[in-house]
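> Each of the two chains sits in its own frame; use the hints to bring them together as a complex.
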Amino acid sequence: MTGTEAIASLYRASKLTKYFPVRRGVLRRHVGDVKAVDGVDLEIGRGETVAVLGESGCGKTTLGRVLARLERPTSGVLEYDLGQGLEDVTRTSGSDEFAFRQRVQMIFQDPYTSFNPRQRVGDAIAELLSVHGMDSSEQRADRITEVCEMVNIRPEYLQRYPHEFSGGQRQRLSIARGLSVRPELIVADEIVSALDVSIQAQVVNILRTVQGETRVSILFISHDVGVAQYISRRTMVMYLGKVVEVLNSATLHERAEHPYTQALISAVPTMDETARRERIVLRGDVPSPINKPSGCPFHTRCSYVMEVCRVEEPLLRAARDADHLHQVACHLPEPPAMSPLRRQ
Amino acid sequence: MSRLGTDPILSIQDLDVKFTTSEGEVHILRQVSLDIERGSFLCIVGESGCGKSVTVHSVVQLLPENGEITGGRVLFTVDGRDQEISSMSRYGAQIRGIRGARIGMIFQDTMSSLNPAHKVGRQVAENLHQHRKISRREARELVVKMFSRLGIPDAERRVDAYPHEFSGGMRQRVMIAMAMICDPDLLIADEPTTALDVTIQAQIMELLKTLQQEAGKTVVLITHNMGLVSEVADDVAVMYLGRVVEHGSREQVLKNPQHPYTQALLQSVPFMGMDPNVPLRTIAGQTPSPASVTDGCEFAGRCPYVQDRCLTGKIAFRQAADGHVARCVLLDEDGMSECSRRDDARVEDSSGQEART
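In order, the protein sequences belong to chains Y and B. Positions 1 to 344 (the numbering used here) are the ones given, in order, by the first sequence. Positions 345 to 701 (the numbering used here) are the ones given, in order, by the second sequence.
Chain B extracted, bound-state conformation (with noise of 0.2 Å):
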C-alpha cells in the first residue's frame, strides 16, 4: 500500500532496481512507491546509500550502464495521457522526448554539468532546438527571457559568458534555466544547493517554491537537509536503504513520525535556536550494505525497538491518519505507533556504538 493521490503526475509502483557490480547483483531498490501530486512539493530525504538519487535517476531512465530496472513501473501522467516510461528503452526516441522537455532535472555539481567551453546561453538553447523545431534567433531570445526570468541579472549580456564567469549561485540558476526552458511539467533537483552558502541556497529554494506556486509545475527535491525540507515540502518520503520508509504531508511527518528512522533523523539535527543541553539522538551503527539486507526490516539491525517480528517476512506499509503511511510493525490499528508513546521514556545512549565488524 502506498500513499494515494487523486492526480499524481508521476507513479512509481514497486520499483526495483538492480546494479551488477564485481561482487555481483546488488538490490539497490526494492519495491518503492510513490505518487506524486501534480503541483505539488515533495522531499525525498535520507542518508547517503539510502537511493534517494537512484529513484529519481530511474524515473527519467539516467541509470548508469550497470543499473537495471528490473520490477515495478513508472507512470507518468500527462495531458490525461499515462506513459509507462519504465518500459520505454533507456536510448530510444520516446523517453528522450520526455527527459528534458516533459521533466527537467537540476543536479548538484554544476561544474561538471556544463561545458566549460561552450557560452552558457548555447548550452541552454540546445534544449530547445532538441525538442522543437525554433530558429536560433527565437532561441536566444527566451533564453534571454528565462535568465531574467530566474533573476539573473543583465540577461543580455550573460547568455553570452561562459560558467567559470558565473558564481556557484548564477551557475545553479543556469542550470534550472536550461531544465526550465522547454516548459516541463515536472522538475527534479538532486541535491542542488548542497554546494552552496545558506544565503545562495535561500535565494535558489525561494526560486523552486515561486515555480511550483506561480508556474503551477511539481518539483521534487532531493536533500538530506531537515530544516529545508520543514521549509518547502508539502509532502515528505523518507528513504532508508533502498525503500521508502514513510510517506506523509510535512505537518504529518516532521510533526508526527512514525518510523524509528524517521524520528532519530529529526532529532540527530542541531537546528538554530535549540537548547544546547540536549544531547543529540544518534544512530547505533552504521548503514548497511545493501548487499546484506536479506528479510524483514531493513532498519531492525539499528533500531532501539527491534522486537522478533522485525527479523522475518515482508514489511508492509500501515497507515497511521489519511494518507500518512509508514513501514513500521509497530504502527499498530489505531494509527498511533508504540515507539512515539515510548520515545520520553527511553533515551537513547547518546555515544554511538559501534555495530560494525
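Next up, chain Y with everything else stripped away, as it sits in the complex (with noise of 0.2 Å):
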C-alpha cells in the first residue's frame, strides 16, 4: 500500500478475515460463515487519524474489534511496530499480547455500559493504570490528573459515579481512560453517535486537540460522513466486508471514484447549498453477509455493473486521479462522473 511514505507506519492489516460461524439445527451443524471483516488492507501511520466510513453491517465495527484484539481473526495478518519497524503480531498471546493491549486502546459507543457502575470514575482510571504496572499512587493520581485536564473534566469529579454525569462527560471520560496508559493508537468506535450535535461538538474537538499534542493515531468509525471527514486525513469505506474505496478526506465529498462511495455521498443531507448533488437511489438492500454475492459486493446495486463484475473481486488499486492517497477498488475502466450539483 502507497500513501503513507511521509509518516511511519504502526500498524498495518493484510488480507484480513473475520468469519463468525452460523450454526442451525440439534447438531449446530456449521451451514455458512458471516463474513464480517473479508479481505481487508490497511495501515496506519504513526500520529494519523484514519476513518472508517460505512453503513449498518458493513463490518466497521468487527474491523475495530479485531485490530484492538478483542477479536482473534480468522486469517490474515496483522503487523505492529514495536520499536523495530513492523513486526508480525498475530498470533502474540500471554505476556506479549498484554503489552500491546497498552499500546491500543479501544473507545466504545456507549460510555455508560464501558464504566462499572458501581466503581468512582477515578478508580476505574486508576485500575487500568496499576493494571499496566503503574505501582505508585501518586504517580497514578498524578497521571490521572492529566489526563482529566486533557478533556476538561474537574479533577474533583473524579469522586463521583458514572450516573452522575452526562452522557458528553462519560464520553469524555472514556477517552481520558483511553489515553491514561498513553496509547500510540486508539480505535474510536462510533463515540459521537448517541450524543447531542452541541455535545458530540465537544468532544469532536477534544480528540482532535488531544490528537495533536500526545501525536497518538486514532481509527475513527463512523456513519456519519460529515465528522469522518473533518475529524480524519484519510477515510476509508467499506461495503459488505470489504474496503472499496481510501480517499484523502479533504476531497472526498469531490473526488469519490466507486460507485458506491458516490452514492454514499449524494444521500448526505449538508447544510453546504454548494455542495449538493443530485441524489443517486440504490436499488435494493444490502445482500446478507452470509450469502454475498460473488465478484464485487456491489454488484447488485450498481448502475455501472458490467460483466466482469459479477465473477471477478476487484482489488484496491491507484485510483485514477493524482492523488497518491487515494485508491479504488472497482473495475470499471474510467470513473464514472460525480452526479451533478442540484441547482437550487
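Honestly, the hints are just simulated from the structure, not real lab data. Glycine included, C-beta positions come from ideal geometry on N, C-alpha and C. It is possible that part of the hints are untrue.
[Claimed, not checked] Calculated lysine to any residue pairs in the SDA-like style (CA-CA distance at most 25 Å, straight line):
no. : chain 1 : residue 1 : chain 2 : residue 2
1   : B       : LYS553    : Y       : ALA275
2   : B       : LYS553    : Y       : ASP272
3   : B       : LYS463    : Y       : ASP285
4   : Y       : LYS292    : B       : GLY513
5   : Y       : LYS292    : B       : SER511
6   : Y       : LYS15     : Y       : ARG233
7   : B       : LYS553    : Y       : ARG283
8   : B       : LYS553    : Y       : GLY284
9   : B       : LYS463    : Y       : GLY284
10  : B       : LYS489    : Y       : VAL281
11  : B       : LYS599    : Y       : GLU254
12  : B       : LYS553    : Y       : GLN262
13  : B       : LYS553    : Y       : GLU273
14  : Y       : LYS292    : B       : ALA505
15  : Y       : LYS292    : B       : HIS508
16  : B       : LYS553    : Y       : ILE280
17  : B       : LYS463    : Y       : SER288
18  : B       : LYS489    : Y       : ARG283
[Unchecked claim] To list a few chain Y residues with every Cβ distance to chain B over 10 Å, as calculated:
no. : residue
19  : VAL34
20  : GLU71
21  : LEU86
22  : GLY94
23  : GLN102
24  : THR113
25  : PHE115
26  : GLY122
27  : SER136
28  : ARG140
29  : VAL181
30  : ARG215
31  : GLU313
32  : LEU325
Encoded structure:
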C-alpha cells in the first residue's frame, strides 16, 4: 500500500478476515459464515487519523475489534511497530498480548456500559493504570489529573460515579481512560453517534486537540460522513466486509470514484447548498453477509455493472486521479462522474 | 406574538404541559406557540429534552398518563371548521376520529410500533376499519395500492408478510402507509430516519417531500439533523428547554439565525465539505433540568451574550423580519440581532468547560 510514505507505519493489516460461524439445528451443524470482515488491507501511520466509514452491517465495528485484539482474526496478518519496525503480532499471546493492549486502546459508542456503575470513575482509570504497571498511587493520581485536564473534566469530579455524569462527560472520561496509559493508537467506535450535536462538537474538538498534543493515532469508526471527513486525514469506505475505496478526507466529497461511495455521498443531507448533489438512488437492500454476491460485493446494486463485476472481485488499486492516497476497488476503466450538483 | 400565517391547519397557542413525577410537578412545555401553514413542510429541531416530541404528542392527545395539558390550546382546522383538540377528552370518540384519520403519525422505532405477530397488511388495514365502513377485500386493495405508491416492491405479496421480514427502511414505509391510509391532512413524523442509514434516509425523505408536494399534505418533521432541515423544510421552529426560541422560513432561520442558541447549534455540526481547520462551535455546559427553569430566558445560563435583562421577567418574541421571530432581548427593533453582528468578533472557547455542579 502506498500513500503513507511521509508517515512511519504503526500498524498494518493484510488480507484480514473475521468470519462468525452460523450454526443450525440440534447438531449445531455449521451451515455458513457471516463474513463480517472479508479481506481487508489497511495501514495506519504514526500520528495519523484514519476514518472507517460505512453503513450498518458493513463490518466496520468488527474490523475495529479485531485491530484492538478483542477478536482473533480468522485469517490474515497483523503487523505492528513495537519499536524496531513492523513485526508480525497476529499470533502473540500471554504477556506480549498484554503489553500490546497498552499500545492500542478502544473507546466504545456507549460510555455508560463501559464503566462499572459501582466504581468511582477515578478508580476505574486508576485500575487501568495499575494493571499496566503503574504501582505508585501518587504517580497514578498525577497521571489521572493530567488526562482529565486534557478532556476538560475537573479532577474533583473523579470521586463521582458514572451515573452522575452527562453522556458527553462520560464519553470524555472514557477518552481520558483510554489516553491514561499513553497508547499509540485509539480505536474509536462511533463515539459521538449517541450524543446531541452540541455535545458531539465538544467531544470531536477534544479528540482533535488531544491528537495534536499527543500525536496518538486514531482509527475513527463512523457512519457520519461529515464527522468522519472533519476529523480524519484518510477515509476508508467499507461495504459488506470489504474496503471499496480509500480517499483523502479533504476531497472525498468531490473526488470519490467508487459508485458506492458516490451514492453514499449523494445521500448525505448537507447544510452546504453548493455541495449538494443529485441523489443516486440505490436499488434494493444490502445483500446478506452470509450469502455474499460473487465478484464485486456491490454489483447487485451498481448501475454501472459489467459482466466482469459478477465473476471477478476487484482489488484495491490506485485511483485515476493524481492523488497518491486515493485507492479504489472497482473494475470500471474510467470512474463514473460524480452526480451533478443540484440546482437550488 | 407568534409567527402569523394566513391559513394555518394547526395552531398551537400558548401550550403548557406539565408532568407529574416522583419529584413533583415539572413544567415541560411553556407557552409553546406555533402556526403550521396548510400544505407546508415544518421541521421542529432541538436537542434531546427540548420538548419537540412532547409538543406533537400533545397535539394528538398521546401524552403519557402522568402528562397533562395545563394551559393554552390547540386548534385543528379542516374543511373550514376549527376543532379545539386540546379540550377533547384524551380517550373520547372525538379525538379518535381525528387521530389516525385526519392526523397521521410516524414514529422512530418501527419495531415497537408494529405488532410482530400480525401481518403488516392487516395492521395497516386496521386503521381503515377503525375509521370507515369498509369490507376486508376493499381494505386489502387499498393497502396494496398504498404499498405500491410508497415504493414497497411486490406489494400484492408483501402485505401478507410479517414485520420481521422487512428491512428497517421498508418497515418505515409500512409505518408511513399506516399513517397515510386514511388520507390524513396532516402528517407528523417524529425522528423517522434516526435509526436508518443515510441512503435509506434519503429515500424516506424523498417520499415525505413527494407526499407534501404532490398530495398536498402538511408535514411536520421532528429531527435534530440540521442537514436534513436545510434540504426538506419550508419552515423551521427551533426549540430549547420546552419553548420555541426561533421560528421562520428555512432561509431565514438557517441563513440568518437570530437566537444565540440557533446560531450555536448551526455551527456545531461538521458538514460535508466543511473546512477542517475551523473549530466546531460548542455550547458551554449542558441543558439544565426543566425543573430548574424559573424566570427570564432559559438559555441565559449557557449564552455567551447574557445580560442582566435576560435573567428576569418574561422574554417576548421579537420580530426579525416578516414571518421570522425569535425570543431574545438582543433582537432590537430594526430587526438585526446584536449578537449576529458581534458574532465574528467573538470566537467561543472550543473546549466546552463544565457548568454542571
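> Given the proposed pairing of LYS292(Y) with SER511(B), does the C-alpha separation stay at or below 25 Å?
holds, 17 Å
> Checking one constraint from the list: CA of LYS553(B) to CA of GLN262(Y), max 25 Å. Satisfied?
Distance ~23 Å between LYS553(B) and GLN262(Y) Cα, so the pair holds.
> For the pair supplied as a hint, LYS599(B) and GLU254(Y), is the alpha-carbon distance within the 25 Å limit?
holds, 24 Å
> Take the C-alpha atoms of LYS463(B) and ASP285(Y), compute the straight-line distance between them, and say whether it is at most 25 Å.
OK: LYS463(B) and ASP285(Y) at ~21 Å, within 25 Å.
> Just to be careful, I want the Cα atoms of LYS489(B) and VAL281(Y) compared with a cutoff of 25 Å; is the pair within it?
Satisfied, since the Cα-Cα distance of roughly 22 Å is no more than 25 Å.
> Between the alpha carbons of LYS489(B) and ARG283(Y), is the straight-line distance 25 Å or under?
Roughly 21 Å separates the two Cα atoms, so the pair holds.
> Are LYS463(B) and GLY284(Y) close enough, with their CA atoms no more than 25 Å apart?
Distance ~22 Å between LYS463(B) and GLY284(Y) Cα, so the pair holds.
> Hinted pair, alpha-carbon criterion (25 Å max): LYS292(Y), HIS508(B). Please report holds or violated.
Holds, because 21 Å separates the two Cα atoms, which is no more than 25 Å.
> Evaluate the condition: distance from the CB of PHE115(Y) to the nearest CB of chain B exceeds 10 Å.
holds, 17 Å
> Quick check for students: does the CB of GLN102(Y) sit more than 10 Å from each CB in chain B?
holds, 27 Å
> Do the alpha carbons of LYS553(B) and ASP272(Y) lie within 25 Å of each other, as the hint requires?
With Cα atoms ~19 Å apart, LYS553(B) and ASP272(Y) stay inside 25 Å; holds.
> Could you let me know if the closest chain B CB is still more than 10 Å away from the CB of VAL34(Y)?
For VAL34(Y), whose nearest Cβ neighbour in chain B is about 17 Å away, the distance exceeds 10 Å, so it holds.
Hint compliance for this structure: no hint is broken.
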